[in-house]
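Undergrad: Now for the letters of each chain:
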Amino acid sequence: MLAIPFEEFLVQTVNGLVSGMILALVASGLTLIFGIMDVVNFAHGDLLMLGAFVGSGVFLSTNNFWAALLVAVVVIAALGALLQLTTLRPLLGRDPLTTILATFGISLVIQNYALWQWGPSARKISEPIGGQFQLLYLQYPVYRIAIALLSAAIIGALWLFMKYGTYGIWIRATTQDRVMAAAMGIPVPAVHAAVFAIGAGMAAASGVLFAPLVGVTQTIGLDFTLRAFVVVVVGGMGNLGGSILASIFVSLLEAYASLFVSPAQAVIVSFVVLVLTLLFRPTGLFVPTPK
Amino acid sequence: MLALRDVHAHYGKSHVLHGVSIDVGPGEVVGLLGRNGVGKSTTLKTIMNLVRASAGSVTFEGRDIVGLATHRLPSLGLGYVPEDRRVFRLLTVLENLRTGLDRPRMTAERREALLEKVYGHFPVLRERRNQAGGTLSGGEQQMLAIARAMVLEPKIILLDEPTEGLMPRMVGQIRAIIELLHAEGVAILLVEQNVPLTLAVSDRVYIMEKGAVRHEAPAAALRADDAVIHQYLGV
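So the sequence lines, in the order shown, correspond to chains R and W. Position 92 of the first sequence, counted from 1, bears residue number 1136 in this note's numbering, the numbering being contiguous throughout. Position 163 of the second sequence, counted from 1, bears residue number 258 in this note's numbering, the numbering being contiguous throughout.
It should be emphasised that the hints constitute simulated quantities derived from the structure, not laboratory data. These numbers come from a predicted model, not from an experiment. Since no wrong hints were added, every one of them can be taken at face value.
Counterexamples of contact, computed for chain R against chain W with all Cβ distances above 12 angstroms:
(1) Pro1140
(2) Lys1168
(3) Trp1203
(4) Leu1297
(5) Leu1303
Covered, in the sense of this in silico footprint (three residues per stretch, anywhere, with C-beta under 8 angstroms from a C-beta of chain R), are these stretches of chain W:
(6) 158 to 167
(7) 194 to 207
Just so it is clear, CB atoms sit at the ideal spot from N, CA and C, and this is done for glycine as well.
Let the sequences and hints guide you as you build the complete structure.
TA: Here it is, written out as structure tokens:
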């Protein structure tokens, strides 16, 4: 660490926090769905990608980023609820392998649909907030900070909703004990569909927010969803707070690692953390030790 | 009000209920006794459609409720307190109660009144309202489970072994709360191993053996003559 100037360290801290927040947005949808239905949603990244494409379509016709964000979230949330009703509800309570295969199938369908519908070339969504500011020795895009803040705002809203809202209590009660929740009159099937819709909507939001940085292609979600799976495991499967902390933790680690190696190699750090977590603390790093 | 007629149920391939017939009238406290594993809890689960009745009928206020989704039963007037209490361990006491309180067509005043009522009956729940359900003692969890069913304003509560594993002092409290519910006109179908308690609080008692009801009698008759109890329960 001695050879690294302090300024570079600070810049990487900002980078780590920014990508950590985007990752947290992707991961919280994933972990929410896992927590309540024990479904590992392999189509999460594809919903993200589909959201980005829907967003780019709206952006093309309206030239309004916020309209693109809103429409993408609503459309993909509705699609998420539809997928849950048609594909996952009949499989509830079955072997987890069947739901893994089902979501994997959905993933393939969405990927091929996107390729057929939009082709292989990248589409563009322009960033709504331009400009750069001076961060120590480099020009830093304002939009990157804006994405982090927006992601934090969405996650914060989700947290408030889960903590205080009636539907949040319904979701948490259903997550803990599906049977007792039903016996208390909570409409469990509707809660499942709603949670899938929320998770899908959050994936779509991540896709649109992320799109200005990389352009919209079939592979836009690939990198983030792979790491989202890592942080969902590291944070404790189904634990929302744990996933968010794990996202920031893993992203900071990667950012610091890229001080020493290339960013592509820095990704390895995530997987090292994953393997170590699975070996030594398989319930997750950021969950309280069960009493 | 609640009527089971010749109800059969299976767990996988094993046939657990062999034609159970039970009636509970409005405001009546009915005890369901029997040794372990004779199907008492399964009977309650079948009423709640947590176990599917494979034959027979279950009606509540004349309405067939077999196959009706579990989450629709509380709004008809059925409250359920399961055998292992099943409080939501990570939800606070207040949030546990809110699972029953925050329902459609609930006014703020009525909600407040219901909350005050259960806090009045169970002051410890008010003290611990912001504590996670999982941190409560066994007796407190039982109170929370009963309070949670009470806020649904049920016409009948299915109460599964409420005194199991509790200290004698707690058993007295549970008995007091059953008597209070009885006085308020709430019907109770009580599954218990505690025979003296059941005979004391019940109007009528059914005795189950091998998945079927073998005997039915007014609790007063069994209190006077324990030969039947001895025959079926060996106590």
